[in-house]
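A.B. asks: Could you put the whole structure together from the sequences, leaning on the hints where they help?
Protein chains in written order, with numbering that gives the first Met the number 0: chain A, 0 to 450; chain B, 0 to 403.
The set of hints was computed from the structure by calculation and includes no laboratory data. Worth double-checking, as some hints may not be accurate.
Stated by the list, open to error - A few chain A residues facing chain B, derived, Cβ under 7 Å:
# : residue
1 : F110
2 : P342
3 : A413
4 : G418
What the hints assert, rightly or not - Footprint (simulated), chain B over chain A, 3 or more residues, beta carbon under 8 Å:
# : region
5 : 96 to 108
6 : 387 to 399
In this text, a Cβ means the ideal position worked out from N, Cα and C, and glycines have one as well.
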Amino acid sequence: MFFKRYGKFAGGIDLPEEKGGLLDNPISPVATGLQAAIKHGLETATPDRLLVPLAPCGGAPARPVASLGQRVKQGQKLAEAPDGQGVDVFAPLSGRVAGTGSAAVAGEEGFLACEAIELTELEGAVNIAEAEPVFDWQAADQAALLERLESGALATYRPPVQPLSMWMRRAREARCDTLVANVVEGQPYVTSDHRLLAEFGREVVEGLAMLGQAIGALRLILAVDVRRTDYYRGVIAPARDHNVSRIAIPYKYPAGADAILVKLLTRRQTPPGGGTMAVGVAVIGAAACFAAWRWVACRQAPTHRVVTVAGEGVPRAGNYWAPFGISCAALAGAPDGTVHGGPMTGLRCVSHSVVSPATDAVLRIVQGDCSAPSPCIRCGWCADHCPGRLNVAALNDCFELGLVEQAGGAGVMACVECGVCAYVCPARLPLSHRVRRLKKALAAISETSPV
Amino acid sequence: MTGPRATAQPDSTPSIVGGGGGAPFIHAPEGVRTIYLVIMGAACGPLVAGTVIFGWRSLVVTAVAVLTCAAVERMYYKITRTPALLGRSHAYLTGLLLALTLPAFAPWYVAMAAGAFAIIVGKAVFGGVGHFLWQPALVGRLAVAVIFPAWLQPVAWPLLAQNRLLVGDIHRCRAVDDYRQWRGRPAPAGADGFVITRPATVLAELTADPPGFSTLASASRDAARNKGPLLLELPPINDLLVGTTPGGIGETCAVVIVVAGVYLIYRGYVKWQLPVFFVLFAWATVAVAPIRLAGAGETTTVAWFPLAAEGLDVGFTYVNYHLLSSELLLAAFFLAAETTSRPVTAAGQTVFGAGCGVLAMLLKLYLQAPIPCYVAMLAMNTFTPTIDAIFSRRGRGRIPSRAA
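C.D. replies: Following this line, the structure appears as structure tokens:
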């Protein structure tokens, strides 16, 4: 086979796929403003306004370099990252700087308020295919490649989002010998990474090879869903050229959780509470590989990402090459019920939620069963399906009784935050949220009182 | 997901403006009510079997128990002014399971008292669904076994005759001398059935002093002695499998209980470890538990290993009689599977089931407890938190395979 198949893991669950036609839906541009819609022959338009966040990775906001009222071109630098922290911000579309505002970007625990530059009078829509390689990165020397990758423009494009330069530094410090491109994408509805790999397989693989070279990884792995290998035939030749192993992962959710994926691929057990870099494996997504390729080979600023728009009653379901700073609600075309990210781990959109590097999907999910949580009946389904092999019912007791240290003894840090426990819970308890809060409390305790 | 934490930024920590804690936004379709309704549906199997075998009075007892449970639960929440949890589906289920453990000839006030005890003592005082320690239906059953021993543990038990199934009145039964097997035996004139000895009562003589039998199955070695082989005194094992033997409404029909229980396992509402280890350890206990047999004269011999005492075939039959003549199967497949009062993990349930099986058979053999399996289960329920604590999982990945 063209994709090598890999093994199983305990726990997990087969989720309904819900991807439907979006698996075959090509990535299309988003028209902002009516003029752009007419020009590109698109039927519907989203508001003529972008709130480009200045701190898409959290932390300190970038310093604006564009002045108020200035007309900026697509790809022009809007703001500069302070002292190597955060990332530079570029204009996603040509337009006029109308002022500053406040946007909400997705963080780990929820949306973070963040300063933003407001762009109006937008012109044009960017097509994802409009990028020609102008720089032969394979012929270039290592230093030039590194300099370009670390120049503070790229982010990791998957939660927790951080600047790519920081990620690369940590990967080098951890002496990662393996780099995994995680394109498993097991959550329902989401198809953005899938479409990216299906349409731009060569570019993603080249980006992966670039990053692998930059962090000094000896082994490159492309992990995909076993059900979708037929889409990825275009990947095979470039993967062979760049010595990337192609591995198809079983589709049981959460095979795409980093700790589980790394265990499947390398048999290395990520320590509870630590990242996969602790066992010498760096994990990156398709979006970051693609952005790295565009940035290095095409000199294109990272201003867009592929976003899946799907869900109940969404007028324009599809995969979009969406500019950063577009409002999530506007992109979904629905005022309420918008969810940022996959349905298992995502966040409920707040007002001013915008597309940021962390956004792989904007969904509209109206929860029909809004029944309040009832007491745990100890059915044990959460424990049966936990991929971290935790007794989640016992952890729920710890949460209700406030026994944080006891939860630590029960191994709460092994949680991979996949959301399966809350998905199966017949009492509709927010188990994954509670376990996450226990983890956070435990981390806070161990920080403040070292034993 | 377990990726490195976003590196803390020194100068400004952005404030969270909400949106967290909502995930996952999709749910599996099965809710708590679904679980209870499916278990109730499965429990209707033994109920139907009991209605056929013990007549229409089974339905009366069941209706009284179920309605009492629902009414008491409703009243309790009204009086204490606490919000009712999960509607009344669990009260219905408790009432139904309770009815399955009661004999069909129990009068209405016994069923009513059992239902009230089950809900108030077994469930409500602990805080309702999800909080109780003991299986509520069994709390009610144990309470009435103590309060009304004459009603629930008579010396001889009624059983409908083959030609009076379903329509017969179990209160109209008459004692017969020569009852041997149920099949092909019509009801005595003017009655709907017989009043006979339970197989469990016969088996209890094995550990009585003086012992009731000289052998398990082989012909009596000493004709002078008045004591014969055990298996001659018992009905054919077919009667026990089909359930045409005296007992509770849902306790006797082994075939239906196992089929309904396997359905629950198939649906994932019961882990197979619990009933399997329950039955397996009960079986092993009976196989090795020593029994008394009458020897020559007035002496008593002890069969230390009954399974092999008179050949394995006799031993197997003897052990199977023990399992089928008690309420073991109903306890293993339905009552032990009550989610709140059993351990959570598979390992814990294995130990819990094994403990129930051993304890139930020891109680049955040596203490002649009236409802040994239920008492054993209640005893093991007490240890559920302990078992849960011992068999708590520690999660994946204790030791990193490579230092950072």
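A.B. asks: Would you mind marking each hint as holding or not holding in the structure?
C.D. replies: Structure-based check of each hint:
no., hint, result
1, F110, "holds (4 Å)"
2, P342, "holds (4 Å)"
3, A413, "holds (3 Å)"
4, G418, "holds (4 Å)"
5, 96 to 108, "holds (count 5)"
6, 387 to 399, "holds (count 6)"
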